[in-house]
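If you want the building blocks of each chain, they are given just below.
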Amino acid sequence: MDFNKTAEIVYGNIEKVKPVIHNISNIVAVNDCANVTLACGGSPIMSDYPQEVEDITSLCNGFVINMGHIYDYLVESMILAGKRSNLLGHPVILDPVGAGAAKARNAAIFKVLDNVKFSVIRGNISEIKFLATGSGSAKGVDADEKDLVTDENIESVIALAKKLSKKTGAVIAISGETDIIADDKQAYIIKNGHAEMAKITGTGCMLSSVLGVFCAANPENILGASAVAVSAYGYAGELAYKKILQTDGGTGSFRMYLMDYVSKMNAKLLEEGAKVESR
Amino acid sequence: MDFNKTAEIVYGNIEKVKPVIHNISNIVAVNDCANVTLACGGSPIMSDYPQEVEDITSLCNGFVINMGHIYDYLVESMILAGKRSNLLGHPVILDPVGAGAAKARNAAIFKVLDNVKFSVIRGNISEIKFLATGSGSAKGVDADEKDLVTDENIESVIALAKKLSKKTGAVIAISGETDIIADDKQAYIIKNGHAEMAKITGTGCMLSSVLGVFCAANPENILGASAVAVSAYGYAGELAYKKILQTDGGTGSFRMYLMDYVSKMNAKLLEEGAKVESR
Amino acid sequence: MDFNKTAEIVYGNIEKVKPVIHNISNIVAVNDCANVTLACGGSPIMSDYPQEVEDITSLCNGFVINMGHIYDYLVESMILAGKRSNLLGHPVILDPVGAGAAKARNAAIFKVLDNVKFSVIRGNISEIKFLATGSGSAKGVDADEKDLVTDENIESVIALAKKLSKKTGAVIAISGETDIIADDKQAYIIKNGHAEMAKITGTGCMLSSVLGVFCAANPENILGASAVAVSAYGYAGELAYKKILQTDGGTGSFRMYLMDYVSKMNAKLLEEGAKVESR
Numbered sequence: 015m016d017f018n019k020t021a022e023i024v025y026g027n028i029e030k031v032k033p034v035i036h037n038i039s040n041i042v043a044v045n046d047c048a049n050v051t052l053a054c055g056g057s058p059i060m061s062d063y064p065q066e067v068e069d070i071t072s073l074c075n076g077f078v079i080n081m082g083h084i085y086d087y088l089v090e091s092m093i094l095a096g097k098r099s100n101l102l103g104h105p106v107i108l109d110p111v112g113a114g115a116a117k118a119r120n121a122a123i124f125k126v127l128d129n130v131k132f133s134v135i136r137g138n139i140s141e142i143k144f145l146a147t148g149s150g151s152a153k154g155v156d157a158d159e160k161d162l163v164t165d166e167n168i169e170s171v172i173a174l175a176k177k178l179s180k181k182t183g184a185v186i187a188i189s190g191e192t193d194i195i196a197d198d199k200q201a202y203i204i205k206n207g208h209a210e211m212a213k214i215t216g217t218g219c220m221l222s223s224v225l226g227v228f229c230a231a232n233p234e235n236i237l238g239a240s241a242v243a244v245s246a247y248g249y250a251g252e253l254a255y256k257k258i259l260q261t262d263g264g265t266g267s268f269r270m271y272l273m274d275y276v277s278k279m280n281a282k283l284l285e286e287g288a289k290v291e292s293r
Numbered sequence: 015m016d017f018n019k020t021a022e023i024v025y026g027n028i029e030k031v032k033p034v035i036h037n038i039s040n041i042v043a044v045n046d047c048a049n050v051t052l053a054c055g056g057s058p059i060m061s062d063y064p065q066e067v068e069d070i071t072s073l074c075n076g077f078v079i080n081m082g083h084i085y086d087y088l089v090e091s092m093i094l095a096g097k098r099s100n101l102l103g104h105p106v107i108l109d110p111v112g113a114g115a116a117k118a119r120n121a122a123i124f125k126v127l128d129n130v131k132f133s134v135i136r137g138n139i140s141e142i143k144f145l146a147t148g149s150g151s152a153k154g155v156d157a158d159e160k161d162l163v164t165d166e167n168i169e170s171v172i173a174l175a176k177k178l179s180k181k182t183g184a185v186i187a188i189s190g191e192t193d194i195i196a197d198d199k200q201a202y203i204i205k206n207g208h209a210e211m212a213k214i215t216g217t218g219c220m221l222s223s224v225l226g227v228f229c230a231a232n233p234e235n236i237l238g239a240s241a242v243a244v245s246a247y248g249y250a251g252e253l254a255y256k257k258i259l260q261t262d263g264g265t266g267s268f269r270m271y272l273m274d275y276v277s278k279m280n281a282k283l284l285e286e287g288a289k290v291e292s293r
Numbered sequence: 015m016d017f018n019k020t021a022e023i024v025y026g027n028i029e030k031v032k033p034v035i036h037n038i039s040n041i042v043a044v045n046d047c048a049n050v051t052l053a054c055g056g057s058p059i060m061s062d063y064p065q066e067v068e069d070i071t072s073l074c075n076g077f078v079i080n081m082g083h084i085y086d087y088l089v090e091s092m093i094l095a096g097k098r099s100n101l102l103g104h105p106v107i108l109d110p111v112g113a114g115a116a117k118a119r120n121a122a123i124f125k126v127l128d129n130v131k132f133s134v135i136r137g138n139i140s141e142i143k144f145l146a147t148g149s150g151s152a153k154g155v156d157a158d159e160k161d162l163v164t165d166e167n168i169e170s171v172i173a174l175a176k177k178l179s180k181k182t183g184a185v186i187a188i189s190g191e192t193d194i195i196a197d198d199k200q201a202y203i204i205k206n207g208h209a210e211m212a213k214i215t216g217t218g219c220m221l222s223s224v225l226g227v228f229c230a231a232n233p234e235n236i237l238g239a240s241a242v243a244v245s246a247y248g249y250a251g252e253l254a255y256k257k258i259l260q261t262d263g264g265t266g267s268f269r270m271y272l273m274d275y276v277s278k279m280n281a282k283l284l285e286e287g288a289k290v291e292s293r
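Residue numbers (our numbering), protein chains in the order written: chain A, 15 to 293; chain B, 15 to 293; chain C, 15 to 293.
Accuracy of the hints is not assured; some may be wrong.
Chain copies aren't distinguished; within one or between two, either way the pair holds.
[As the list claims (entries may be wrong)] In silico DSBU-like pairs for lysine-lysine, Cα to Cα no more than 35 Å straight-line:
1. Lys257 x Lys177
2. Lys257 x Lys125
3. Lys256 x Lys125
4. Lys205 x Lys117
5. Lys256 x Lys181
6. Lys257 x Lys32
7. Lys289 x Lys117
8. Lys213 x Lys282
9. Lys205 x Lys278
10. Lys32 x Lys117
To be clear, the hints were calculated from the coordinates, so they are not data collected in a lab.
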């Protein structure tokens with residue numbers, strides 16, 4: 015289907031459903047994740063207390079697990095709410111922050127993956143490579159430069175994504191200068207976004223929360239909804255960068271304008287800026 | 015007394031006392047709550063460690079308990095510092111976030127209510143209804159639409175607030191399109207505020223922190239100070255909305271301008287915008 | 015050496031090294047600390063989970079311990095990662111938030127000081143006085159007014175800083191209207207900054223994170239790098255204040271512009287505004 019038509023349907027469903035999204039996030043990005051959930055048309059609940067997360071997630075339409083922080087009680091809450099979400103058929107998103115960076119972190123991530131079935135797994139190329147192969151070279155929370163997606167290696171990255179999708183049943187979303195969104199059969203290559211997004215914290219975490227909204231309102235088309243979310247969020251970043259050039263702003267202004275443009279984005283505006291290729 | 019005259023006294027006392035406010039908040043809104051405390055003339059301390067909260071609250075003029083997060087150690091800290099504040103005669107504010115949404119949450123909230131005496135309890139209509147009746151239909155952290163205050167049901171909502179005030183000894187502040195502030199005898203009906211405030215996270219949490227500042231500096235007039243706080247905060251929201259229309263901003267800009275106008279608000283500016291009725 | 019020349023070298027090294035900085039921060043300021051780390055040219059990792067902090071800090075170039083929150087597991091993580099950083103020779107910064115304000119807090123701070131060797135200790139005058147003398151009168155997280163640095167007592171404050179530097183081996187950075195940066199031999203007196211910085215939360219915490227970036231990229235000149243960091247951050251505050259006067263902004267705008275100017279600051283811009291005296 016035509017991408018613009020897909021975007022129209024995806025945004026229409028968000029407006030209709032106004033999905034309530036349960037997020038277990040990290041202390042760095044949790045406020046930004048709640049605000050971006052609202053900005054793109056959802057309603058956030060950020061509960062992470064083990065004794066209530068099953069009740070809470072039952073009130074929601076989707077669930078986002080962000081593994082930026084991995085205290086024992088958080089991992090317990092992720093699994094409890096994840097299993098409940100799976101039972102209820104809610105889309106569940108995984109953001110495996112820093113996969114590969116430390117042993118305890120890797121163990122926590124694989125424990126969550128073993129217990130919860132995901133609709134989307136979103137990370138940078140180093141994180142996704144680590145999940146796919148069990149090895150890799152994360153530079154902490156940022157992608158390693160030698161992992162970056164280029165015109166030369168893009169086919170092998172798509173193959174890696176499709177393979178991980180087949181193994182996990184999830185749509186795989188790889189974030190970077192070029193984004194790859196793939197299930198086991200089909201892939202979108204997206205060239206929206208701006209380098210300035212790496213100069214503020216939590217842009218990846220926020221995108222995972224945005225994916226929660228888009229997928230919860232469009233459970234029948236997780237791949238399409240994910241591609242629209244990634245393209246729209248990236249285009250918002252491009253518009254925010256234009257705005258700081260006009261206002262002589264820095265990274266503080268950029269952060270605000272990114273939120274502004276996520277809140278103003280819609281299918282019509284996206285049509286002007288989407289850089290999406292399907293294969 | 016005339017509302018404008020009350021506002022003048024209330025703001026004057028804040029400037030004189032510069033109250034230091036102890037907040038136990040949640041990871042989503044804690045930064046916004048600290049900043050809004052500063053913006054409206056107070057000084058925040060956000061400590062929640064059980065072993066120090068009694069010492070900390072003893073250095074302060076008031077205490078705000080926000081139950082957005084309810085880990086066991088937080089509830090322990092809330093009760094320890096709440097009891098100490100009661101002993102010292104400090105105004106204590108309760109924000110029973112999500113009351114009614116989950117069993118463990120409800121139990122934690124009633125435990126705090128059983129152990130601490132409050133000067134003000136602030137929540138949305140669903141939360142307050144749940145506290146008053148022990149039942150209700152919270153939609154997570156937002157009010158249920160069928161609970162909303164209208165011209166038709168406003169008298170019964172005021173009666174409910176007065177009854178809960180009589181039972182708890184606290185001023186009851188119900189937030190929504192129409193705000194109700196009541197003790198067991200008198201009520202203020204306030205029509206300030208803007209729908210855009212529901213499009214950013216933590217606006218309710220921030221209002222509870224603002225109430226902490228206003229009440230700590232005006233312990234002799236908790237009802238009046240609460241009404242001024244609610245009207246002033248709502249009017250700041252209206253001015254922030256005007257500003258984003260002028261600057262073509264989105265929810266990111268709105269959040270910043272809300273803080274700007276809270277920091278610029280005073281009795282004189284409020285006089286131009288207060289929409290307050292007393293009965 | 016000439017201060018402008020030092021600033022040029024210090025900024026040059028940040029650009030060359032792009033230091034990755036491990037921060038253990040507090041829930042109030044952690045997002046601001048991550049963003050300011052990026053704004054001044056570093057890359058932040060905010061991990062505080064005991065089981066991974068040694069692995070994480072090994073991936074980094076420096077480590078910042080902010081004691082705004084002192085849960086047991088946080089103090090454990092601070093000590094584990096601090097010892098590992100010491101072994102690896104990474105610069106380690108201490109922000110002893112609220113030293114003197116509560117017994118449990120003081121005990122935690124001294125425990126960390128006993129176990130970790132610091133390159134820089136940064137606090138307000140009340141916090142530093144407490145560390146130096148074991149007594150003092152912190153007003154919670156703000157400096158007590160009767161402790162403030164004046165032209166009359168500046169020599170005795172410098173002597174105190176030099177003495178604490180001799181005892182700890184760390185550069186001592188005292189923040190206030192006048193900043194003192196000293197090792198056991200030499201001191202910088204810095205008059206940059208603006209009173210508006212006290213009207214937003216986390217400005218001290220953010221400065222400690224900035225010090226992490228500057229020192230990690232300049233381990234051979236901790237005193238000089240600290241002086242440049244403090245002057246640059248203060249000057250960014252002055253420029254942010256000018257900007258809110260132009261735009262009729264409040265504390266919300268000030269917070270954003272402060273981040274903007276930290277991200278735009280460099281040796282050349284600093285040359286126009288540095289108010290630094292060495293003795």
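So, going through the hints one by one against the coordinates:
For the homomeric pair Lys257 and Lys177, neither the shortest alpha-carbon distance inside one copy (39 Å) nor that between copies (50 Å) is at most 35 Å. Taking identical chains as interchangeable, the C-alpha atoms of Lys257 and Lys125 are never at most 35 Å apart, the minima being 42 Å within one chain and 48 Å between chains. Taking the shortest Cα distances, Lys256 and Lys125 never come within 35 Å of each other, neither inside one copy (42 Å) nor across copies (49 Å). Taking CA atoms no more than 35 Å apart as the test, Lys205 paired with Lys117 passes inside one copy only; the shortest distance there is 33 Å, against 46 Å between copies.
When the C-alpha separation of Lys256 and Lys181 is checked against a cutoff of 35 Å, the pair qualifies neither within a copy, at 40 Å, nor between copies, at 51 Å. For the homomeric pair Lys257 and Lys32, the shortest alpha-carbon distances inside one copy (28 Å) and between copies (26 Å) are both at most 35 Å. Taking the shortest Cα distances, Lys289 and Lys117 never come within 35 Å of each other, neither inside one copy (37 Å) nor across copies (47 Å). Within a single copy, Lys213 and Lys282 get their C-alpha atoms as close as 28 Å, and across copies as close as 21 Å, so both meet the 35 Å cut-off.
Taking the shortest alpha-carbon separations for Lys205 and Lys278, both the intra-copy value of 20 Å and the inter-copy value of 27 Å come in at or below 35 Å. Proximity of Lys32 and Lys117 under a CA criterion of 35 Å is satisfied inter-copy only: 25 Å between copies versus 39 Å inside one chain copy.
In summary, the numbered hints that this structure violates are 1, 2, 3, 5 and 7.
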